[in-house]
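What follows is each chain in one-letter form.
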Amino acid sequence: MKPSLHTQMLLFLALCAFTAINLTPIFWAFMVSIKQPVDAFAAPPMLIFTPTFEFHYSVWVERGFWRFLLNSVIIAVAVVCISVPIGTMAAYALSRMEGAKARGILFGLLAMRMFPHILLAIPFFVIASAIDLIDTYLAMVLALVAINQPFTVWLMRSFFLDVPRELDEAATIDGASLWQTFTRVALPVVRPGLWVTSLFSLLLAYNEFLFALVLTGSSTKTLPVAIAEYGAEDINYWSLSAAAAIGIMLPIVLFMAFMQRHLVRGLAMGAVKG
Amino acid sequence: MHAQRGLWLFLVPSGSVLTLVLLYPLGYAFYLSLFNYYLGAEPIFIGLGNYIALLQDERFWSSLRTTLLLVGASVSLQFVLGLAVAFGLYKLTFATKALNVLLFLPHVVTPVVAALFLRWIFMGRFGLIDAILIGLNIFPPDWLGSPNWARLVVVLAESWQFTPFMIIVLYAGLNTVDQSQIESARMDGAGNWMLLTRVMLPAIRPLILFVLAIRIMDSFRFFDTIYVLTAGGPGTATETVTIYTYALGFRLLEVGKASALGVLTLLITATAIALVIAFLYRREKGAF
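Here the protein sequences line up with chains A and B, keeping their order.
One point on numbering: in this note's numbering, the residue at position 170 of the first sequence is 170, and numbering is uninterrupted.
One point on numbering: in this note's numbering, the residue at position 280 of the second sequence is 280, and numbering is uninterrupted.
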C-alpha cells in the first residue's frame, strides 16, 4: 500500500503552499518592521531594500515598550506561581477521589471554563474600582489565576491519572502522610506534566487581552493592550508597531520550540483552558 | 481508606480562589443586572427591566445574528480546512513534523498581534493585498470598510488562528484509527474519499464532536480579534454579543444593562453546552 512518489510530491507541494500562505501575515509584518516607511508604502511591495532594525530598537527602548514587557512578565510569572501549585493540589485530590464526587467537581470546573469572560469583566471592574485595585498587579493576577484554574486542574489531573495508585498505597503503608505521599511520591513522577502546565499557563496569561484592557492602567499595562492602542494609531507608525508586534511574538516562538513534543496533550486538554 | 480522609483539604486553596474571584463576581453580575446603574451614578432597582429592554432592542438581536453567522462560518471553515490538511498530513510520508510545527505557529501568536498581522494584510491601499492589486492595476474593494467584506475578514482572521488547532487535534485523532480497519477497507477497494468519510471519520466521532463543541463555545465569546480588526464596524456589521456588551459596559457605562446582556450570553452558552453534553454523553461515553 505504498503511495506513489508522484502523489507524495504533489501532496507535499500542496501542503507547502498552504503553509506558505499561512505564514505570509507573519512574514509581511516582519518585512514592514525592517523597512523604512517609504519602502513599506510602495505598491507593488518591494522585495529588495536595505533592512534596518532601528524600529525594533526605537519601539522597545526609546518608546518604552520594555516596560510593558516587564508588566506582562511580572503578571504572567505571578499567575503561574499561584495557579499551578493550587491547581496541582486540587488535581491530585480529584485524581484520587471516588469517581462520582470527582466527576461533579470536574463538570463544575468545565462549566466555569465556559463563562463568557465579558460577563466577569464587568463585576471585576466595578469591584476593583470600589476597593481601589484598578491598575494594580494584584487585580490582574487574581483574575487570571481564577480563569486559569479549570485548565490547570484538568491538565494536571490527566497527568496524575497516569501515576499508578499502587505507588501511593505503598507509601501510605510505609507510614507516609497524605502530604508526604503527594510531595515525595506523586509530584516527582508528574514533573514533566508540571512543566507543560506551567508553560501553557504562562502563554495564556501572556496573551490575555480583555481583562488586561479593563483592569490595567498606565503603570501595569501589558503588551497586548499596549500594542492594540499603538497599532490603532497613525499609519506613519506602521514600521514601529510592526516591530513591536514581531517582538511580542518572539518569546512565543521560543516557547513553541521548547514545547513541540507536548503540544498535542496540552491542546487536547487546552481545549479545556479558559 | 485512611489516605482518602484528608483529600478534600487539597481542594481548599483552589476552591477559595474560584469562589472569591469567579463565583462571587458572577453573583454580583446577576445582582447588578437588576439595576438601572450608570457607573458613577446611584443604582436604581428596576427588576427585570434591563432584560425586557434588551429583548426589545434591535441592536441586541442584530448582534446575536452576527455572532451566530460569524461563529457558524468560521467554525465550519476551520473544520473543513483543518480536516483536509490533517488528512493530507496523514497521507504524507515525510516532512510531517516540520510542517506540523510551521502550520501550528499562527495558533500561539497573541490574538491581538494576530489581528494586527491580518489587518496589515487587508488594510486599505498599503496592506499586502491592496498593494499587490494596485500594482496589477486592479481596484481593490474596501476590505474593512464594507459590511460583507469586513465580516469575511473577521472570519478569515479567526480561521487563521484556529485552523491550526483543528489540524493538530484531528491529525492526532486520525493517527489513532485502527490500522486493520483501514487495511480491510482498502481490500474492499475503498478510495481515499470513502476511506476518510466511511471509516476514519466515524472512528473519531467523539473527538470531532468534542473539538467542535469547544470551538463553538470559544468563538461565541471571542473578542480580541474583532476589537482590533474592526471594533464591531463598519456600523454594527461585525458587532457580536460580546462586543456589544463591552460597548454597553465600558463605553456607555451602562453597567446594569451590560450585566444583563452578559447573563443572557451565559444562558445562551449554557443551553448550547447542555445540548452538546447531552448529545455527547448519550452517544459516546467518555468523549471527555
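Derived by calculation from the structure, the hints in this document are not laboratory data.
Only a predicted model underlies this, so the values are computations on that prediction, with no experimental measurement involved.
Be a bit skeptical, because a hint or two may be false.
To give a feel for the contact side, a few chain B residues facing chain A, derived at Cβ under 7 Å [claimed, not checked]:
id	residue
1	Phe10
2	Ile52
3	Ala53
4	Leu99
5	Leu103
6	Gly191
7	Trp193
8	Met194
9	Leu195
10	Val199
11	Ala203
12	Ile204
13	Arg205
14	Gly249
For each residue, glycine too, the CB sits at the ideal point set by N, CA and C.
Against the structure, the hints:
1. Phe10: 4 Å, holds
2. Ile52: Not OK, violated: B:Ile52 not within 7 Å of chain A, min 19 Å.
3. Ala53: 17 Å, violated
4. Leu99: 6 Å, holds
5. Leu103: 6 Å, holds
6. Gly191: 12 Å, violated
7. Trp193: 14 Å, violated
8. Met194: 15 Å, violated
9. Leu195: 11 Å, violated
10. Val199: 14 Å, violated
11. Ala203: The hint is violated - B:Ala203 has no Cβ within 7 Å of chain A, the shortest such distance being about 16 Å.
12. Ile204: It is violated, given that the least Cβ distance between B:Ile204 and chain A is near 12 Å, above 7 Å.
13. Arg205: Not OK, violated: B:Arg205 not within 7 Å of chain A, min 15 Å.
14. Gly249: This hint holds: B:Gly249 lies near chain A, its Cβ roughly 5 Å from the closest one there, short of 7 Å.
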